[in-house]
Amino acid sequence: MEEREREAEVSDADAAITDLYAAHYAGLVRLATLLLRNESMAEEIVQDAFVSLHRRWHKLRDPQKALGYLRTSVVHGTRSAQRRHKVAERNRPDPQPDSPSAEQAVLAGAAGEAVVEALRALPRRQRETLVLRYYGGLSESEIATAMKISNGAVKSHASRGIAALRPLLESWT
Amino acid sequence: MSEQWSPEEQHLRDALRSAADKITPGPDGLARIRRRTAQPPWWRRPAVIAVAAGTATAAAAVVVVVNLTGQGEGELSVQPVDTPTVTEPPLTDEPTAGLDEPTPDPTQEDTPPPDDPDPEDTAATATDPGDEQPDTTEPPTSEGDAEQVLTLPVYYTVDNRLTREWQQVRTADPLGAAVHQALNGEALDPRYGSLWEPVDVVSAQVTDGVIEIGLRSPVRLAGDPEYADVAVQQLVYTATATAASVLGVEGTPPVRVLVDGEPTDDLFGQVDVSDPVGRADQADVRYFVQVDSPGYGAQTGSPVRVTGVAAVFEATVLWELTKDGEVLDSGFETTGEAFTFSEFSIDLGELEPGTYEITVKEEDVSDGEGRAPFYDTKRFDVVAP
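Residue numbers (the numbering used here), protein chains in the order written: chain A, 1 to 173; chain B, 174 to 558.
Keep in mind that the hints were calculated from the coordinates and are not lab data. None of these values were measured; they are calculated from a predicted model. Note that beta-carbon positions come from the ideal geometry of N, C-alpha and C, so glycine has one too. Careful, some of the hints might be misleading.
[Claimed, not checked] Here are the computed distance ranges between Cβ atoms for each label pair:
hint, chain 1, residue 1, chain 2, residue 2, range
1, B, GLU493, A, ALA153, 24 to 32 Å
2, A, ALA153, B, ASP433, 53 to 61 Å
3, B, PRO398, A, PRO167, 48 to 56 Å
4, B, PRO558, A, ALA23, 36 to 44 Å
5, B, GLN183, A, LYS59, 36 to 44 Å
[Stated by the list, open to error] Here are the simulated DSS-like cross-link-like pairs (lysine-lysine), alpha carbons at most 27 Å apart as the crow flies:
hint, chain 1, residue 1, chain 2, residue 2
6, A, LYS65, A, LYS148
7, A, LYS65, B, LYS534
8, A, LYS59, B, LYS534
9, A, LYS148, A, LYS59
10, B, LYS496, B, LYS534
11, A, LYS155, A, LYS65
12, A, LYS148, B, LYS534
13, A, LYS59, B, LYS496
[Claimed, not checked] So the derived list for chain B, only partly shown, Cβ under 7 Å to chain A, looks like this:
hint, residue
14, LEU189
15, ALA193
16, GLY202
17, ILE206
Make the full structure from the sequences, and use the hints.
Okay, here's the thing in C-alpha cells:
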C-alpha cells in the first residue's frame with residue numbers, strides 16, 4: 001500500500017504541475033526574461049524549475065509554497081545562466097558592439113524600453129528586487145524569500161535601484 | 174501590493190509590464206516538462222518494488238585496518254579491506270555531552286607505556302558513534318583482542334583549512350587510529366591532504382580531562398609554515414572529535430602532545446604546545462563546505478540523500494550531480510544560517526545503480542571575480558538493493 005500511496009503522490013504531482021503551469025508559466029517566463037540580459041534562456045529556466053518542483057512535490061504539496069519554490073528556482077536559474085553567459089562573453093575574442101545608450105533610446109521615443117535596458121545594466125540584486133516588486137507585485141518578504149536575503153536588504157536594494165533609474169524615469173514624465 | 178507608488182515607481186511598473194507583454198512563451202512548455210517528469214520512478218519498477226523507503230545512505234565504504242602492533246615500536250600498519258560496511262555517521266561530531274564519562278584509572282596517568290597504546294575496550298558494536306557511548310573500561314589489560322570496526326571522524330586539509338572525513342577503521346584504539354589516519358594523510362577523498370609529514374602515533378589516551386597524544390620524532394610540517402597552527406588543529410580536531418563521538422568523552426578536553434614520551438614546548442619549532450591545546454574557532458580553521466555523506470567511494474542504496482555542513486553566504490549551497498562527466502541534475506539548497514556552520518541536506522531522489530559524483534559548493538558571490546568558491550566533491554556508487 002506504500003507503493004499505492006506513492007503512485008498517488010506522483011499523479012498528484014502531475015496534476016499540480018498542470019495547474020501551476022496554466023496559472024503561472026507565462027508569468028514566470030516573463031519574469032525570467034526581465035531578469036536576464038540574455039532572453040533565450042528564460043523558458044528553459046522555467047521548465048527546469050517545474051521539473052525540479054515535480055521531483056520535490058512530496059515535500060511541498062502546498063500550491064502556495066510551490067509557487068514560492070518556482071519563483072526562487074527561477075531567480076536562481078537566471079543567476080546561474082547569467083554567470084555562464086558572462087564566462088562565454090569573456091572568452092569571446094571581440095567585444096560586442098555597444099547596445100544603444102539609454103539616452104539614444106529615449107530620443108528614439110522608446111522610453112519604456114530604455115527603462116528596461118537601464119534596469120538590465122543594474123547590479124544583479126537591485127535588478128532582481130525591482131523586477132520582483134514592480135513586475136511580480138511581490139511583497140517585501142516574498143522577495144526576500146525568493147532572493148534568499150533579508151527584508152532589510154530588499155529595502156536597500158530597491159531604493160538604490162530606483163535611485164539609479166530615477167533620471168530616466170523622471171525624463172519619461 | 175496596493176501601496177502608494179510614486180510616479181517614478183508607476184513608470185517602472187508600466188515599463189516592465191509593456192516589456193513583459195511582448196514576451197509570448199512557446200506553445201509546448203508543458204509537453205517538454207511532462208517528457209522530463211515522465212520517467213517512471215524506481216518504486217514503480219517491479220524489480221525493486223519491495224524495497225522500503227529511506228534506505229540508509231552509506232558513509233564510508235572503504236574499511237581500513239589499523240593494527241597496533243610491535244611491542245616497543247608501536248608501529249601502525251594500515252591496510253585496506255575490501256568488505257564495505259554501511260554505516261550512517263552522525264551529522265556533526267560537535268561534542269554533545271557524552272553521558273558516560275570515561276574514568277581512566279589514575280595509576281595509568283604518568284607513564285603511558287609506549288609499547289601498549291591503550292586499547293580502548295569498546296565492547297559495544299558502535300556502528301553509530303552518535304548514539305553509542307561505549308564504556309572505556311580498564312586501563313590497558315588486553316592486547317589488541319578488542320579490535321572492532323569503528324567509524325571515526327578524521328580531519329584533513331584542503332587549501333590549508335580543515336575538512337572532515339568519516340572513516341571506518343578496525344582498531345582497538347580509536348583515538349590513536351584516528352590521529353594516525355589524520356597525520357599520515359590517508360584520506361579516502363583524493364582531494365584531502367595533511368599538513369604533516371607522516372609521523373608515528375605511539376600513544377593516545379584520555380587522562381584527567383586531557384587528551385594525550387604521543388608522537389615519535391621526527392615531527393615535521395609538510396605544508397606552508399604559515400599554517401603550522403592549522404596543522405596542530407588538525408590533530409586537535411581529530412582527537413577531540415573522536416574522544417567525543419567514539420569514546421563518549423564529555424565536552425572538548427584540550428590535547429597535550431608528547432614527542433618521544435616527553436612533553437614538548439613547541440611543534441615545528443613555532444607552535445607553542447607547552448600547555449594542552451584546545452580547539453580553535455571553526456570559522457578560523459575549517460573549510461567552509463563539506464559533504465559528510467555519502468563518503469568518498471561509499472556504496473549506497475537509492476534514494477540518495479546528501480548531507481554535510483557549510484558556512485556560506487546567504488545560507489545557500491549549489492549542487493551538481495554528474496555521471497560519467499555528464500551533468501544529470503543540479504540545484505541549490507539552503508543551510509540553517511548564513512556564515513555559520515550549519516547542516517544541509519540534499520535529496521537526489523532515486524538513482525539507477527552506477528557511479529556518480531556530487532559536488533556541493535558555495536554560491537559564487539563575486540560573479541566570477543575574486544577567489545574560487547569553496548566546494549566538496551564526492552564520488553559514490555549506487556548499488557542495487
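Hints versus structure:
no.	hint	in the structure
1	B/GLU493 x A/ALA153: 24 to 32 Å	holds, 27 Å
2	A/ALA153 x B/ASP433: 53 to 61 Å	holds, 56 Å
3	B/PRO398 x A/PRO167: 48 to 56 Å	holds, 55 Å
4	B/PRO558 x A/ALA23: 36 to 44 Å	holds, 39 Å
5	B/GLN183 x A/LYS59: 36 to 44 Å	holds, 39 Å
6	A/LYS65 x A/LYS148	holds, 15 Å
7	A/LYS65 x B/LYS534	holds, 25 Å
8	A/LYS59 x B/LYS534	holds, 23 Å
9	A/LYS148 x A/LYS59	holds, 19 Å
10	B/LYS496 x B/LYS534	holds, 18 Å
11	A/LYS155 x A/LYS65	holds, 23 Å
12	A/LYS148 x B/LYS534	holds, 16 Å
13	A/LYS59 x B/LYS496	holds, 25 Å
14	LEU189	holds, 4 Å
15	ALA193	holds, 4 Å
16	GLY202	holds, 6 Å
17	ILE206	holds, 5 Å
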